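Asks: Sequence:
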Amino acid sequence: MWHPELDTILQLRPNQHSVEQKNYFSCLVYRRTHADPVTQPKGTILVHEGKPVLIHCTFDYSGVPYLYWYERYPHEAPRPLLTQYGASDEEEKRRRRGFSAKLEKDSKSFHLEKNSSEASDSAVYYCALRDTANKTTLGGEQKPP
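Take 1 as the starting number for the sequence shown in the UniProt record's numbering and just add one per residue.
Please keep in mind that the hints were generated in silico from the structure rather than gathered at the bench.
None of these values were measured; they are calculated from a predicted model.
Misleading hints may appear alongside valid ones.
What the hints assert, rightly or not - For lysine-lysine, the following DSSO-like pairs were computed, each having C-alpha atoms within a straight-line distance of at most 27 Å:
1. K51 / K114
2. K51 / K108
3. K102 / K51
4. K93 / K108
5. K105 / K93
6. K114 / K93
7. K102 / K114
8. K93 / K51
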């Protein structure tokens, strides 16, 4: 079962305030309370609408990793946004909505990026890792509470 208090998640949501009539987004970061092979930094990130988004994800795993980014909108189940492999068809490219992530094995990172943020990007984002050699999901299943 997915437990938001145990997972490292980022929440990108519209801020009700604006400065100079520009829209902002705030990213809230929650840390896991126990050891996890996938980590995301703690803190709040403010992003101007139309500006680039970068959400960090690093992993500490020596096996064969298979990495995912998920997104979760309020009152909906989490859904896959992308994996470490390129989009295989037009539907997957559309689902990514301009987001990308590249697996960097040397730095053990899989950062989520988008060149231009949009209001529709307001959601919870989280990184997950699966051991493909043992087909074991690390960190538990991702299901809504």
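Asks: Now tell me, hint by hint, if it's right for this structure.
Replies: Status of the hints after comparison with the structure:
1. Under the criterion of a C-alpha separation no larger than 27 Å, the hint pairing K51 with K114 is consistent with the structure, at around 9 Å.
2. Restraint check: the Cα-Cα separation between K51 and K108 comes to about 26 Å, which is no more than 27 Å; the hinted pair holds.
3. Between K102 and K51, the direct Cα distance comes to roughly 19 Å. Compliance with the 27 Å bound is thereby established for this hinted pair.
4. Restraint check for K93 and K108: satisfied, since their Cα atoms lie roughly 24 Å apart, inside the 27 Å limit.
5. A threshold of 27 Å between alpha carbons decides the hint, and for K105 with K93 the separation of about 23 Å falls inside it, so the pair holds.
6. Proposed proximity of K114 and K93 is supported: the alpha carbons are some 13 Å apart, at most 27 Å.
7. Pair hint K102 plus K114 holds up; C-alpha atoms about 12 Å apart against a cutoff of 27 Å.
8. Pair hint K93 plus K51 holds up; C-alpha atoms about 20 Å apart against a cutoff of 27 Å.
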